[in-house]
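Q: Keeping their order, the protein sequence lines are chains A and B.
For the first sequence, the positions run 1 to 111 when my numbering is used.
For the second sequence, the positions run 1001 to 1114 when my numbering is used.
Keep in mind that a hint or two might mislead.
[Stated by the list, open to error] Restraint-style ranges between C-beta atoms, simulated for each label pair:
| # | chain 1 | residue 1 | chain 2 | residue 2 | range |
| --- | --- | --- | --- | --- | --- |
| 1 | A | PRO111 | B | SER1069 | 47 to 55 Å |
| 2 | A | SER3 | B | SER1067 | 25 to 33 Å |
| 3 | A | LEU82 | B | ASP1073 | 38 to 46 Å |
| 4 | A | GLU64 | B | PRO1061 | 30 to 38 Å |
| 5 | A | LYS110 | B | ASP1056 | 41 to 49 Å |
| 6 | B | GLN1022 | A | SER28 | 28 to 36 Å |
| 7 | B | SER1069 | A | LEU82 | 43 to 51 Å |
| 8 | B | ASP1038 | A | THR108 | 15 to 23 Å |
| 9 | B | ARG1110 | A | ALA96 | 27 to 35 Å |
[To be verified] Footprint (simulated), chain A over chain B, 3 or more residues, beta carbon under 8 Å:
| # | region |
| --- | --- |
| 10 | 1071-1084 |
| 11 | 1089-1102 |
[What the hints assert, rightly or not] Just so you have them, the derived chain B footprint on chain A, three or more residues with Cβ under 8 Å:
| # | region |
| --- | --- |
| 12 | 43-56 |
| 13 | 93-99 |
| 14 | 102-111 |
For the record, the hints were derived by calculation from the structure and aren't laboratory data.
Backbone N, C-alpha and C define an ideal beta-carbon position, used for all residues, glycine too.
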Amino acid sequence: AQSVAQPEDQVNVAEGNPLTVKCTYSVSGNPYLFWYVQYPNRGLQFLLKYITGDNLVKGSYGFEAEFNKSQTSFHLKKPSALVSDSALYFCAVTSAGKSTFGDGTTLTVKP
Amino acid sequence: NAGVTQTPKFQVLKTGQSMTLQCAQDMNHEYMSWYRQDPGMGLRLIHYSVGAGITDQGEVPNGYNVSRSTTEDFPLRLLSAAPSQTSVYFCASSYELPGVYEQYFGPGTRLTVT
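Model the full structure from these sequences, guided by the hints.
A: So, in structure tokens, the structure goes:
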């Protein structure tokens, strides 16, 4: 069975500061890892994914994530947060058409 | 390409009613899946399919049926709606090749059961 943990329900950062949203996973075999963002009353918006290759993945809107196999982590990062980044962020591990999602982390960026 | 489409966008049902949520994709993806998202929570897998004619249960399958008679369509049937099924439902399609994985989500159906 595969699982995902997002240990922080809420992350608060000041605009302009770096942000990190944490994700750890458990899966047998090679993981396919995704980050999605969700704005209120909206669907899921794809940010980035790790399938294979370089451990540092760059995605949309300046976000990046680092795949760490030894720590089974896939933390989402951004060097300089914007107020407009405030949203709900989900990490997911996927295998053969089935995704397991974390419970989400609410990111609040204050001006 | 229209991507993944879901109908309806909103639905209100009375307890005990049945209905079908529609999901279609035009990308010839082999995998399709249904998720529900309850307030303040992540998505949970209801049912999934790895190809036409093949379906399997996910994490929360009770009260739902699916079928996959074509590659394009993957309808979700609520047999007898209950208030606990009030949720937002997302359909997804994906495909996999060596070193490649693409996944797309539909816009969601917001279902309220009274």
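Q: If a hint holds in the structure, say so; if it doesn't, say that too.
A: We went through each hint and held it up to the structure:
1. A/PRO111 <-> B/SER1069: 47 to 55 Å: 52 Å, holds
2. A/SER3 <-> B/SER1067: 25 to 33 Å: Check passed, 28 Å falls within 25 to 33 Å.
3. A/LEU82 <-> B/ASP1073: 38 to 46 Å: Holds, since A/LEU82 and B/ASP1073 (Cβ atoms, about 39 Å apart) stay within the stated range.
4. A/GLU64 <-> B/PRO1061: 30 to 38 Å: 36 Å Cβ-Cβ, so the 30 to 38 Å window holds.
5. A/LYS110 <-> B/ASP1056: 41 to 49 Å: At roughly 44 Å between Cβ atoms, B/ASP1056 and A/LYS110 fall inside 41 to 49 Å, so the hint holds.
6. B/GLN1022 <-> A/SER28: 28 to 36 Å: 34 Å, holds
7. B/SER1069 <-> A/LEU82: 43 to 51 Å: Between B/SER1069 and A/LEU82, where Cβ atoms are some 46 Å apart, the hint holds.
8. B/ASP1038 <-> A/THR108: 15 to 23 Å: Given a distance of about 22 Å, which is inside 15 to 23 Å, the answer is holds.
9. B/ARG1110 <-> A/ALA96: 27 to 35 Å: The hint (27 to 35 Å, Cβ to Cβ) holds, given that B/ARG1110 and A/ALA96 are roughly 28 Å apart.
10. 1071-1084: violated (count 0)
11. 1089-1102: holds (count 7)
12. 43-56: Satisfied; 7 residues make the cut.
13. 93-99: holds (count 5)
14. 102-111: holds (count 3)
Hint violations for this structure: number 10 only, all remaining hints satisfied.
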